[in-house]
Each structure stands twice: as structure tokens, then as C-alpha cells.
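Go ahead and model the full structure; you've got the sequences and the hints to work with.
One-letter residues, chain by chain:
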Amino acid sequence: MDKLNHSEVINLLIQLCVMLSLGRLLAELARKFKQPAVVGEILAGIILGPTILGNFTPEIFEMLFPSTGASAVVLDGFIQVSVVLLLFIAGLEVDLHIVWQQGKQALYVSLVSLVIPFVAGFIVTWFFPELFDYADEDKRLVFAMFIGTVMSITALPVVARVLMDLEVFKTRMGMLIIASAMIIDLVGWIIFTIILNMMGTNSESLSLSKTIWISIGFTVLMLTIGKGLINKALPWINKRLAWPGGLLSLSLAFCFLGAAFTEYIGIHSIFGAFIIGVALGDSKHLSERAKEIIHQFINNIFAPLFFISIGLGINFIAAFNLQIILVLLVLAFIFKVLGATLGARMGGLPKYESYAVGFGMNTHGTLEVILGAIALQAGLITDEVLVAILVMVVVTIVASAPLMKYCLKFVSSKN
Amino acid sequence: MFNKIAIAIAFSPRLQTLLAEAKRVQALFKSELIIIHVGSHTDKEDAFMMENLQQADITEDVKVIWEAGDPAKRILAVCKKERIDLLVAGALKKEDFINYYLGSIARKILRKADCSVLMLTEPSLESNPSKRMVIYAENSPYSIQAIKAGTYIGKTQHSQQLHIVREIKLYGLAMSVSSEKTEEELTEIRRNLVNEEILIVENILKKMDISGLKVNIKVISGKSGFELANFCNRTRADLLVVGSPNRKMGIFDRVFPHDLEYVFADLPCDLLIVNPKKKNG
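Order-wise, the sequence lines are chains Y and R.
Using my numbering, the letters of the first sequence map in sequence onto residues 78 to 492.
Using my numbering, the letters of the second sequence map in sequence onto residues 171 to 451.
No wet-lab data here; the hints were simulated from the structure.
The beta-carbon is built from N, C-alpha and C at its ideal position, and this holds for glycine as well.
Be aware that a few hints might be false.
[Stated by the list, open to error] Heads up, simulated BS3-like pairs for lysine-lysine below, C-alpha to C-alpha not over 30 Å straight-line:
no.: 1; chain 1: R; residue 1: Lys193; chain 2: R; residue 2: Lys278
no.: 2; chain 1: R; residue 1: Lys318; chain 2: Y; residue 2: Lys247
no.: 3; chain 1: Y; residue 1: Lys428; chain 2: R; residue 2: Lys318
no.: 4; chain 1: R; residue 1: Lys193; chain 2: R; residue 2: Lys384
no.: 5; chain 1: Y; residue 1: Lys247; chain 2: R; residue 2: Lys351
no.: 6; chain 1: Y; residue 1: Lys316; chain 2: R; residue 2: Lys263
no.: 7; chain 1: Y; residue 1: Lys247; chain 2: R; residue 2: Lys193
no.: 8; chain 1: Y; residue 1: Lys309; chain 2: R; residue 2: Lys278
no.: 9; chain 1: R; residue 1: Lys351; chain 2: Y; residue 2: Lys109
no.: 10; chain 1: Y; residue 1: Lys309; chain 2: R; residue 2: Lys263
no.: 11; chain 1: Y; residue 1: Lys247; chain 2: R; residue 2: Lys376
no.: 12; chain 1: R; residue 1: Lys278; chain 2: Y; residue 2: Lys181
no.: 13; chain 1: Y; residue 1: Lys316; chain 2: R; residue 2: Lys264
no.: 14; chain 1: R; residue 1: Lys264; chain 2: Y; residue 2: Lys309
no.: 15; chain 1: R; residue 1: Lys251; chain 2: Y; residue 2: Lys247
no.: 16; chain 1: R; residue 1: Lys193; chain 2: R; residue 2: Lys251
no.: 17; chain 1: Y; residue 1: Lys181; chain 2: R; residue 2: Lys243
no.: 18; chain 1: R; residue 1: Lys250; chain 2: Y; residue 2: Lys181
no.: 19; chain 1: R; residue 1: Lys388; chain 2: Y; residue 2: Lys316
no.: 20; chain 1: R; residue 1: Lys351; chain 2: Y; residue 2: Lys486
no.: 21; chain 1: R; residue 1: Lys301; chain 2: R; residue 2: Lys377
no.: 22; chain 1: R; residue 1: Lys376; chain 2: Y; residue 2: Lys309
no.: 23; chain 1: Y; residue 1: Lys309; chain 2: R; residue 2: Lys388
no.: 24; chain 1: Y; residue 1: Lys486; chain 2: Y; residue 2: Lys109
no.: 25; chain 1: Y; residue 1: Lys482; chain 2: R; residue 2: Lys351
no.: 26; chain 1: Y; residue 1: Lys247; chain 2: R; residue 2: Lys282
no.: 27; chain 1: R; residue 1: Lys278; chain 2: R; residue 2: Lys174
no.: 28; chain 1: R; residue 1: Lys418; chain 2: Y; residue 2: Lys181
no.: 29; chain 1: R; residue 1: Lys282; chain 2: Y; residue 2: Lys181
no.: 30; chain 1: R; residue 1: Lys377; chain 2: Y; residue 2: Lys247
[Claimed, not checked] Just the calculated beta-carbon pair ranges, DEER-fashion:
no.: 31; chain 1: R; residue 1: Lys376; chain 2: Y; residue 2: Gln454; range: 33 to 41 Å
no.: 32; chain 1: R; residue 1: Glu230; chain 2: Y; residue 2: Trp313; range: 49 to 57 Å
no.: 33; chain 1: R; residue 1: Glu372; chain 2: Y; residue 2: Leu218; range: 53 to 61 Å
no.: 34; chain 1: Y; residue 1: Leu334; chain 2: R; residue 2: Lys263; range: 30 to 38 Å
no.: 35; chain 1: Y; residue 1: Ser326; chain 2: R; residue 2: Thr352; range: 23 to 31 Å
no.: 36; chain 1: R; residue 1: Lys263; chain 2: Y; residue 2: Asn308; range: 18 to 26 Å
no.: 37; chain 1: Y; residue 1: Lys109; chain 2: R; residue 2: Ile368; range: 31 to 39 Å
no.: 38; chain 1: Y; residue 1: Lys309; chain 2: R; residue 2: Glu292; range: 25 to 33 Å
no.: 39; chain 1: Y; residue 1: Trp313; chain 2: R; residue 2: Lys418; range: 33 to 41 Å
no.: 40; chain 1: R; residue 1: Ile368; chain 2: Y; residue 2: Asn132; range: 51 to 59 Å
Shown next, in the form of C-alpha cells:
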């Protein structure tokens with residue numbers, strides 16, 4: 078078996094040390110400005126990557142983050158695991174009960190706020206690929222679908238934090254946003270799985286209809302029989318094994334198994350991790366405390382590694398394309414807000430509350446970054462598009478709270 | 171509170187105990203009583219019914235309605251027609267797999283009734299006042315009415331303990347807050363969340379007469395309904411009072427069970443669903 082040599086071990090450990098410590102430092106800085114940690118972690122990646130460190134001290138950058146060699150491969154392994162785990166905890170947050178409880182209204186908001194930005198993103202990209210400096214004719218359809226998906230997703234964890242900060246988390250509007258974001262998460266990942274399949278990066282790619290059926294079938298199976306098995310296993314685990322160790326290791330083992338299975342059958346590993354997360358998170362035997370431990374572990378160790386790693390591969394200054402950024406921002410702020418607002422109005426919410434829902438739903442975040450990173454890795458998008466997505470993510474995160482607050486001012490003054 | 175009460179009975183071994191309970195409920199709410207029986211109606215059955223009513227000492231102010239057809243449907247139709255406020259019926263604590271998905275008579279009533287329902291798991295001949303009650307003050311347009319009904323029963327029956335349960339929804343909390351707050355801030359957020367819930371219940375209780383009642387406001391988190399049922403089991407509650415959900419439950423609710431479905435699936439104790447809407451008639 079190949080092993081890391083002495084210097085490679087040291088190098089890997091230093092990489093992890095630098096990434097985690099600078100990531101934490103800048104996450105704390107973001108916190109001071111009331112922004113989520115992901116903003117600081119992306120910034121840490123920009124500092125450690127070719128944009129700053131590689132630009133000013135290329136020899137240190139090359140020494141610290143060699144692009145080839147065993148430590149680079151091992152770090153990439155860490156990043157792959159991080160993505161799977163991030164999707165797993167994203168799935169844990171999807172609560173089918175709250176989705177069902179919010180009923181038709183959530184369905185309106187999620188569907189309209191998914192369809193309108195998706196269609197708008199698709200049409201703009203399909204008819205005007207030059208806006209994205211996109212020249213690959215063969216992949217235009219998939220690329221247009223990808224941009225549509227990025228536009229239509231809402232970042233559940235970020236929007237949850239915004240709602241809590243605004244103290245509207247438990248209101249009808251807050252719950253509606255949460256439920257709608259959960260539905261979008263579910264549908265969004267199914268769409269993305271299809272896109273990945275259409276890209277045909279996997280040598281054993283399935284046909285489109287097979288992918289769709291397998292994705293839906295796997296989802297339904299995991300949320301019924303799979304969930305039933307989890308409900309049988311968890312009490313046994315909680316009762317007989319050390320807590321939280323037993324739960325933690327077996328949950329992650331199950332997540333990796335699901336991820337490996339979906340990767341094996343030709344749909345991406347992240348999809349399996351996400352659906353396993355949904356099934357596990359929906360179990361009545363997974364306590365809030367256990368969920369929190371899983372979150373803490375993944376959010377503070379694996380998430381920074383992933384978000385920082387994005388900056389390690391891209392020169393943000395060289396890949397900064399104002400035109401693409403503006404296109405994405407316009408698409409997000411017009412069509413995503415419009416779609417969600419319209420959905421909320423259709424669901425019977427008053428005008429200003431609907432606007433608030435619109436701005437709330439236009440919060441992009443970690444999932445879009447993951448989506449972008451995977452698409453870049455698969456060769457679907459360019460560095461410019463990924464940088465534009467990152468900028469769009471940061472802008473929507475920064476803007477959502479004040480814009481929602483502004484709309485809610487009218488709601489409370491009217492009441 | 172409940173002016174017109176109906177009890178659904180079958181000629182089963184539990185008939186006498188159910189009639190005894192019906193009589194007590196009628197006295198508790200000082201209401202009219204209607205007895206609904208779905209099945210064949212011959213002279214022999216008429217005589218059997220009269221005999222049982224006499225044995226249960228229910229001879230005055232009672233109307234017996236005989237129906238034929240699907241039991242759950244007929245019982246609910248009578249409730250509608252007679253503008254019943256509270257329907258009393260018996261139910262097994264737990265259903266088998268097939269019954270759970272197909273829906274037994276009792277569960278159909280729980281899921282579809284347009285009036286309040288009192289489901290008794292262990293009806294008894296002897297008076298058995300509720301000693302430990304739980305009121306679920308959540309997720310229903312009628313939760314305030316549920317608290318009202320619960321406190322009324324608690325006072326009338328001199329309950330030893332009345333727990334009012336609220337839930338904290340922690341969706342996204344762990345992910346969105348825990349990694350971005352200090353330990354102190356996180357503790358403060360948790361404390362505030364709990365205090366907010368307690369304050370809501372306290373404000374509701376201010377408008378009610380709860381003198382003489384030992385009230386405990388409990389804030390729980392976890393899976394809606396499942397934790398409520400656990401709490402009832404833990405506190406050995408004998409009556410759970412909940413507000414009716416804002417919609418009728420279907421098969422999907424059983425495939426993806428949630429709040430009241432967890433309670434329906436495995437009734438932890440007697441269950442009173444408060445539903446004051448008067449669509450009936």
C-alpha cells in the first residue's frame with residue numbers, strides 16, 4: 078500500500094492546520110459583521126489560494142499547497158468527504174413534517190420560486206450564452222439547466238439564521254420560508270443529479286430517464302422503508318451503544334454507505350448523502366441534541382475545509398468577470414424575488430409579507446457553492462462562472478436580512 | 171362547554187363501561203346525551219339496548235339513534251346532523267399494522283370528526299377522574315380552547331397536576347446558530363426561546379381561572395407529537411387534551427407520520443380533541 082512519506086505527512090498536517098485556523102479567524106471576523114461563517118471561510122480560501130498567497134509569495138503557496146503529489150491527493154480526499162458530509166447535514170435539516178404542515182402555501186412558494194428563476198436562468202443562458210462567455214455548444218443545454226438550478230435554490234441554513242436574527246423564525250411567514258426552502262432543497266438536488274448525469278462525467282452514466290427514475294425511486298424508498306429501518310435501529314443504538322459516539326459513527330457510516338451506493342449506480346454520491354440525511358433527520362428517535370452534535374462536528378471541521386478549498390483552485394482576480402456577476406445578480410434579484418413573492422401572494426400572504434418572503438427566499442449559500450464546485454470539477458463551468466456564483470452568494474446573504482427587515486417594517490406598522 | 175354529547179357504542183364487552191363513562195361525561199358538562207349505534211335494529215336489539223341503559227342508570231334525557239352502514243361514516247354523519255359538540259368513543263391503545271394504514275373506526279373518527287372527540291382507551295365502571303392531565307398548546311387553531319377545556323376538566327375533577335406543553339422548533343438552529351455564536355450567546359438564545367414559550371402560555375392562562383390547579387408549563391423539543399406522547403407516558407398522564415388540527419388527516423400523514431399521528435398510532439392515555447367549529451347541521 079502506498080503511504081505518505083515523512084515530509085508529505087507534515088505537509089498535510091500543516092495544510093489542515095493553516096486552513097482550519099485561518100478559516101476560523103475569518104469566520105470570527107464575519108461573525109463580528111453579523112455574517113455567516115461561510116463568508117469568512119470563502120475569504121480565507123481567497124487569501125490562501127492563488128489570488129493572494131499564490132500571487133505574492135508563489136513559492137510558499139506551492140510549498141504549502143502543492144498541486145500534485147500524495148498530500149494533494151489526500152487533501153482532495155478530505156474535500157470529497159467534506160462535500161458528502163455537508164450534503165448529509167443539509168438533508169438532516171429537511172423536516173418533512175413542517176413541509177407537510179405548511180401545506181399548499183409552501184407548495185406555491187416553493188414551486189413558483191423554483192420555476193420562475195429556473196426558467197429565467199435557463200432562457201437567458203440558452204439564448205445568450207455569450208453573457209457568460211460560454212462557448213461549449215455541446216454542453217449549452219446542461220449549462221443552461223445548471224444556471225437555472227443555481228438561481229432557483231434557497232440556502233436553508235442561512236435563511237434560518239436570518240429569520241432567527243429578525244425574530245420571525247416561528248411566525249407563519251418564517252415557517253413558510255423554511256418549509257419552502259426544504260422543498261426546494263429536495264427538488265433542487267434531484268434536478269442537479271440529473272444535470273450531473275447529463276454531463277456524462279461518470280463513465281457508467283445512465284440514461285436520463287433511468288437517472289430520473291432511480292433518483293425518485295431511491296428517494297421514495299429511503300423515505301419509507303429506509304426511514305422505517307432507521308426508526309427500528311436508532312432506539313437500539315441509543316440504548317445499547319455509547320452515546321453520542323455510537324450514534325455519530327453509525328450515522329456517518331450509513332451516510333457514506335448511501336453516498337457510495339448512489340455513486341455506484343451512477344448518480345452522484347452527494348445525492349445519496351443528502352437523502353440519507355433527510356431520512357435520518359426525519360426519524361423520531363434522532364434527538365435535537367444528537368443532531369446538534371453532528372452539525373457541530375461537520376460544520377466546524379469539514380465545512381471550512383471545503384469552502385477554503387474552493388479558493389485554493391481559483392485566482393479570483395483573474396477570474397473576476399463583472400458581466401457574469403451582474404447577470405447572475407440581476408437574475409437572482411429580479412426572478413428569484415419575483416417568483417417567491419408571487420408564490421407567497423398566491424398562497425394568500427399580504428403584500429409586504431410576500432415581499433419579505435421573496436427576499437428571504439433569495440438567500441443563496443452553501444449548496445450553491447457546492448453545486449458550483451462540483452460543476453467546475455466536472456468541467457461544466459469556468460472559473461469565471463464559479464467566482465460569479467460565489468459573489469452572488471455573498472451579496473444575497475449580506476442583502477437578505479436588511480431587505481427583509483425593511484419589508485417587515487411595513488408589515489408591523491400596518492398591524 | 172359541550173352542550174350536546176354523543177357516545178358511539180357497539181354491543182361489545184366494553185358496552186357497560188362506555189355507558190358509565192358517558193354518564194359521567196354528561197354530568198361533568200351538564201349536557202344532553204345521544205347514543206349512536208351502527209348495526210341492525212330489531213326488537214331484540216332494542217330490548218338489549220334498553221336493558222343496558224337501565225343497568226347503566228341512563229334512562230332520562232337520552233336519545234338513541236340507530237344507524238346502518240359504514241360505522242365511522244354513519245357516526246360522523248349523525249354528529250353533523252345532530253350538531254354534536256362532543257363525541258365520546260372507545261379505542262384500543264395501539265393498532266396493528268394493517269389497521270394503522272386502513273384506519274380503524276376509532277382512528278377514522280379522530281381524523282375526520284368535525285366536532286370535539288373524547289377517545290377513551292380504558293373506560294371503567296368506577297369513576298376515575300383525571301389525576302394527571304397534559305394539554306398540548308401547539309399547532310392548532312383551537313389550542314386556546316383546548317387549554318380552556320383542559321383547565322375546566324382539571325378544576326372540576328380536582329386534578330393533581332396539569333401540564334401545559336409547548337414545543338420549541340429548532341429547525342436550522344443547530345446549523346445556523348451554533349457555529350456562529352459563543353457559548354454564552356447560545357445559552358442565552360436557548361434560554362430566551364424557552365422563556366418566550368413559557369410567556370405565551372402564561373399570557374393565555376392570565377385570562378382563565380386556574381385557581382386551585384397545579385399547573386406546570388413544559389417546553390419540549392424533538393419530533394412533534396412523538397415527544398408529546400413520550401411526555402404523557404413519562405408523566406403517567408391519564409388525559410391528553412389537544413386542539414384539533416386545521417385540516418383532516420389522510421393516508422400521507424400516516425406514511426410520513428407527524429404530531430397527532432404519532433399520538434393516534436399509540437394512544438398514551440385518553441385523548442380529548444377540542445374542535446369547537448360548528449359546521450354541523
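So, going through the hints one by one against the coordinates:
1. R/Lys193 <-> R/Lys278: Judged against 30 Å, a Cα distance of about 24 Å means the pair holds.
2. R/Lys318 <-> Y/Lys247: 23 Å, holds
3. Y/Lys428 <-> R/Lys318: Violated. Lysine 428 of chain Y to lysine 318 of chain R sits at ~35 Å, over the 30 Å cutoff.
4. R/Lys193 <-> R/Lys384: With a Cα-Cα distance of about 27 Å, the restraint between lysine 193 of chain R and lysine 384 of chain R holds, given a limit of 30 Å.
5. Y/Lys247 <-> R/Lys351: Cα-Cα ~20 Å, so holds.
6. Y/Lys316 <-> R/Lys263: Given that 30 Å is the threshold and the Cα spacing comes to 24 Å, the pair holds.
7. Y/Lys247 <-> R/Lys193: 42 Å, violated
8. Y/Lys309 <-> R/Lys278: Holds - the C-alpha atoms of lysine 278 of chain R and lysine 309 of chain Y are around 26 Å apart, at most 30 Å.
9. R/Lys351 <-> Y/Lys109: Roughly 10 Å separates the two Cα atoms, so the pair holds.
10. Y/Lys309 <-> R/Lys263: 20 Å, holds
11. Y/Lys247 <-> R/Lys376: Between lysine 247 of chain Y and lysine 376 of chain R the Cα gap is close to 22 Å, so the pair holds against 30 Å.
12. R/Lys278 <-> Y/Lys181: This hinted pair holds, its Cα atoms lying about 23 Å apart.
13. Y/Lys316 <-> R/Lys264: 23 Å, holds
14. R/Lys264 <-> Y/Lys309: 17 Å, holds
15. R/Lys251 <-> Y/Lys247: 38 Å, violated
16. R/Lys193 <-> R/Lys251: Distance of about 22 Å is within 30 Å: holds.
17. Y/Lys181 <-> R/Lys243: The given pair, whose Cα atoms are some 27 Å apart, holds under the 30 Å limit.
18. R/Lys250 <-> Y/Lys181: The given pair, whose Cα atoms are some 27 Å apart, holds under the 30 Å limit.
19. R/Lys388 <-> Y/Lys316: OK: lysine 388 of chain R and lysine 316 of chain Y at ~25 Å, within 30 Å.
20. R/Lys351 <-> Y/Lys486: 26 Å, holds
21. R/Lys301 <-> R/Lys377: Holds - the C-alpha atoms of lysine 377 of chain R and lysine 301 of chain R are around 23 Å apart, at most 30 Å.
22. R/Lys376 <-> Y/Lys309: Distance ~43 Å between lysine 376 of chain R and lysine 309 of chain Y Cα, so the pair is violated.
23. Y/Lys309 <-> R/Lys388: 28 Å, holds
24. Y/Lys486 <-> Y/Lys109: Status holds; Cα separation ~24 Å.
25. Y/Lys482 <-> R/Lys351: 21 Å, holds
26. Y/Lys247 <-> R/Lys282: 28 Å, holds
27. R/Lys278 <-> R/Lys174: Holds, at roughly 21 Å.
28. R/Lys418 <-> Y/Lys181: 14 Å, holds
29. R/Lys282 <-> Y/Lys181: Between lysine 282 of chain R and lysine 181 of chain Y the Cα gap is close to 19 Å, so the pair holds against 30 Å.
30. R/Lys377 <-> Y/Lys247: Since the Cα atoms of lysine 377 of chain R and lysine 247 of chain Y sit roughly 23 Å apart, the hinted pair holds (cutoff 30 Å).
31. R/Lys376 <-> Y/Gln454: 33 to 41 Å: For glutamine 454 of chain Y against lysine 376 of chain R, whose Cβ atoms are near 59 Å apart, the range 33 to 41 Å is violated.
32. R/Glu230 <-> Y/Trp313: 49 to 57 Å: With Cβ atoms ~56 Å apart, the hint holds.
33. R/Glu372 <-> Y/Leu218: 53 to 61 Å: The hinted range 53 to 61 Å holds for glutamate 372 of chain R and leucine 218 of chain Y, with Cβ atoms some 59 Å apart.
34. Y/Leu334 <-> R/Lys263: 30 to 38 Å: Between leucine 334 of chain Y and lysine 263 of chain R, where Cβ atoms are some 36 Å apart, the hint holds.
35. Y/Ser326 <-> R/Thr352: 23 to 31 Å: 28 Å, holds
36. R/Lys263 <-> Y/Asn308: 18 to 26 Å: 19 Å, holds
37. Y/Lys109 <-> R/Ile368: 31 to 39 Å: 32 Å, holds
38. Y/Lys309 <-> R/Glu292: 25 to 33 Å: 28 Å, holds
39. Y/Trp313 <-> R/Lys418: 33 to 41 Å: Cβ of tryptophan 313 of chain Y to Cβ of lysine 418 of chain R: about 35 Å, so the range 33 to 41 Å holds.
40. R/Ile368 <-> Y/Asn132: 51 to 59 Å: 56 Å, holds
Hints 3, 7, 15, 22 and 31, counting from the list given before, are not met by this structure.
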